[in-house]
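K.L.:
Spelled out from the first residue to the last, the chains are:
Number of protein chains: 2
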Amino acid sequence: MTLAVGIEVSQHPELRKGIDSLAALVDDDLQAVNRLILERMHSPVGLIPQLAGHIVASGGKRLRPILTLASAQLCGYQGRRHVCLAACVEFIHTATLLHDDVVDQSNLRRGSSTANALWGNQPSVLVGDFLFSRAFQLMVTDGSLKVLKILSDASAIIAEGEVQQLMTANNTRTTEEDYFQVVASKTAALFAAACQVGAVVAERPEQEETALEEYGRNLGIAFQLVDDILDFSAHQAELGKTVGDDFREGKITLPVILAFQRGDIGERAFWRRCLEELEQTDEDLDHAIALMTRHGALDDAMALARRYGDDAREALGIFPDSVVRRELIDLVDFCVDRRY
Amino acid sequence: MTLAVGIEVSQHPELRKGIDSLAALVDDDLQAVNRLILERMHSPVGLIPQLAGHIVASGGKRLRPILTLASAQLCGYQGRRHVCLAACVEFIHTATLLHDDVVDQSNLRRGSSTANALWGNQPSVLVGDFLFSRAFQLMVTDGSLKVLKILSDASAIIAEGEVQQLMTANNTRTTEEDYFQVVASKTAALFAAACQVGAVVAERPEQEETALEEYGRNLGIAFQLVDDILDFSAHQAELGKTVGDDFREGKITLPVILAFQRGDIGERAFWRRCLEELEQTDEDLDHAIALMTRHGALDDAMALARRYGDDAREALGIFPDSVVRRELIDLVDFCVDRRY
Chain Z
-4 MTLAVGIEVS QHPELRKGID SLAALVDDDL QAVNRLILER MHSPVGLIPQ LAGHIVASGG
56 KRLRPILTLA SAQLCGYQGR RHVCLAACVE FIHTATLLHD DVVDQSNLRR GSSTANALWG
116 NQPSVLVGDF LFSRAFQLMV TDGSLKVLKI LSDASAIIAE GEVQQLMTAN NTRTTEEDYF
176 QVVASKTAAL FAAACQVGAV VAERPEQEET ALEEYGRNLG IAFQLVDDIL DFSAHQAELG
236 KTVGDDFREG KITLPVILAF QRGDIGERAF WRRCLEELEQ TDEDLDHAIA LMTRHGALDD
296 AMALARRYGD DAREALGIFP DSVVRRELID LVDFCVDRRY
Chain B
-4 MTLAVGIEVS QHPELRKGID SLAALVDDDL QAVNRLILER MHSPVGLIPQ LAGHIVASGG
56 KRLRPILTLA SAQLCGYQGR RHVCLAACVE FIHTATLLHD DVVDQSNLRR GSSTANALWG
116 NQPSVLVGDF LFSRAFQLMV TDGSLKVLKI LSDASAIIAE GEVQQLMTAN NTRTTEEDYF
176 QVVASKTAAL FAAACQVGAV VAERPEQEET ALEEYGRNLG IAFQLVDDIL DFSAHQAELG
236 KTVGDDFREG KITLPVILAF QRGDIGERAF WRRCLEELEQ TDEDLDHAIA LMTRHGALDD
296 AMALARRYGD DAREALGIFP DSVVRRELID LVDFCVDRRY
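Chains as they are written, first to last, in my numbering: chain Z, -4 to 335; chain B, -4 to 335.
Any given hint might turn out to be false.
The list makes no distinction among identical chains, and a pair is therefore deemed to hold if it is satisfied within one copy or across any two copies.
Computed cross-link-like contacts, DMTMM-like style, restricted to lysine to aspartate or glutamate with a CA-CA straight-line distance of at most 25 Å [as the list claims (entries may be wrong)]: (1) 56 <-> 15; (2) 141 <-> 198; (3) 56 <-> 328; (4) 141 <-> 171; (5) 56 <-> 305; (6) 144 <-> 198.
No lab work stands behind these hints: they were computed from the structure.
Make a model of the complete structure from these sequences and hints.
P.N.:
Written as structure tokens, this is what we have:
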């Protein structure tokens, strides 16, 4: 059984650079995580490692497992359990990516074809289930009920967030509150859990667990906000996916909500036509971006992302200064200031 | 938040009758399982309990949780943990049903419209993920790592079996061995785990655990064999789904494998056209059934189902005679002799 693709931390050199120094701090562990992922995605059913290998390789920058490894290091952890649990976190993330791409009917992720585009929806759904099960098998090997609780809770919340996102799609009456609820569930819950698990394996006091959980949650919200902003403001080649995807699908993200709220009757009719009826012409995306710019929607969304970034940084205040703490703080800047 | 549908043990009175006396033996516990399922499928995201309620209600006869409850009773268990774990088993089953119907593009399950037919594929995938996560949250509440291992192992094996089934579809070179591998994984693994868990909570010696695991596995194989036979031999009104669904989708089940193996060149060309090219006319299903009958494919598949049924019965031999043991034995007859 050979894998179609190897595991690269990222196919996008600039993305790699952005978290390079944090990744370098945990490099040995991260290599161990990659080896464990490769080993544990094996199955006698050949399509599984083939498809899983594709998504694991194209899924990105290993941000979530790096968070687990770095959090454990911040807590002075000396053991090996964090490697296994970082792999669990990545398996859960990868499973949700597979299902997301089916739900969104996406063809491109980080510049590569999606698994559903290459193999169809059917194996994507089922291999997602497999990876999700593998995550729980690995957690059982680790043997901590506390970790199992954190990650099964996170998994349920992610699914709730994804369903709620479906319900806000094509609905211009979606409120900021709805939006932040979706983001907190579908993205920030796993960031928070990934960080918390690092403190749990180190058996640190609850205060440190909570601090890392808060760091992860706020970082995750900032990360998703920037993702949603970049869908309107990025350069296509840098983004590695198609600019305007959210707009074309009628996803209601914060820039849209702000521009809609601040728009006049004619503008609201425009948003409804584009996002509710999905009746769009080639010029509509540019017009949408122009309206967002005119109303300061992208700037204000960025300001909010920065505020969540500040909260993430602040949460680390209880830890003494160290190289890994500085890198975790720099990671916030990367997530907020990235252009891809 | 109101549920669109209540929970019925089955909408099909004859199905209900078939396992009625076993269900009656564990009736109080089964009601508790139903209440727990209703309670735990709740979510602030309204679509989740709505869709989950639909699949839980139309999903069938609660066979798997009944197996957990009856196995615990057979082992003399006096506590309450089996109720929670029977609900976990049903949540896992329900999650796989939701994903199965998406993968198979089914419109009808047990006489009701499928969730994907009513709400679309997207929420079906995501609510499946939610129910799967809920199962693990419930297991964490129970707190047994052994149970978590049994059910996470079963979940991974189910997903492997489903992927393997995809790969055998439309492939007339599928062997009996391939077929039994798929059946053991996608169906029998959860039957086996459901029964084994009953012995685990009762803290019985490994011999009893293994016996119940074997009972469940053999029963599951027999059950799936009969399912695949009924797709060609049932009366539509009794089956509650469309006769010939497997044929139209090009699924390669045991009756097909046997008829193909025993067919001449012309017959094999027929099978390839119908199942590989999916070029079918209205008369082809009848012709397929005629070929199966001529070659004894349906009878031989039934004989095999009976043999697995015998093995299931035999596995219970180590337990002393009791009402629940007799009912578990009768359940084998029901599963093998059912006509729907």
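K.L.:
So, for every hint listed, does it hold in this structure?
P.N.:
Status of the hints after comparison with the structure:
1. 56 <-> 15: Within one copy only: 10 Å inside, 54 Å across.
2. 141 <-> 198: Answer is both: 11 Å inside a copy and 23 Å across each meet the 25 Å cutoff.
3. 56 <-> 328: within (16 Å within a copy, 54 Å between copies)
4. 141 <-> 171: Classified as neither: same-chain Cα gap 33 Å, cross-chain 44 Å, threshold 25 Å.
5. 56 <-> 305: Within one copy, since 22 Å is at most 25 Å while 53 Å is not.
6. 144 <-> 198: both (15 Å within a copy, 24 Å between copies)
When held up to the earlier numbered hints, the structure conflicts with hint 4 and nothing else.
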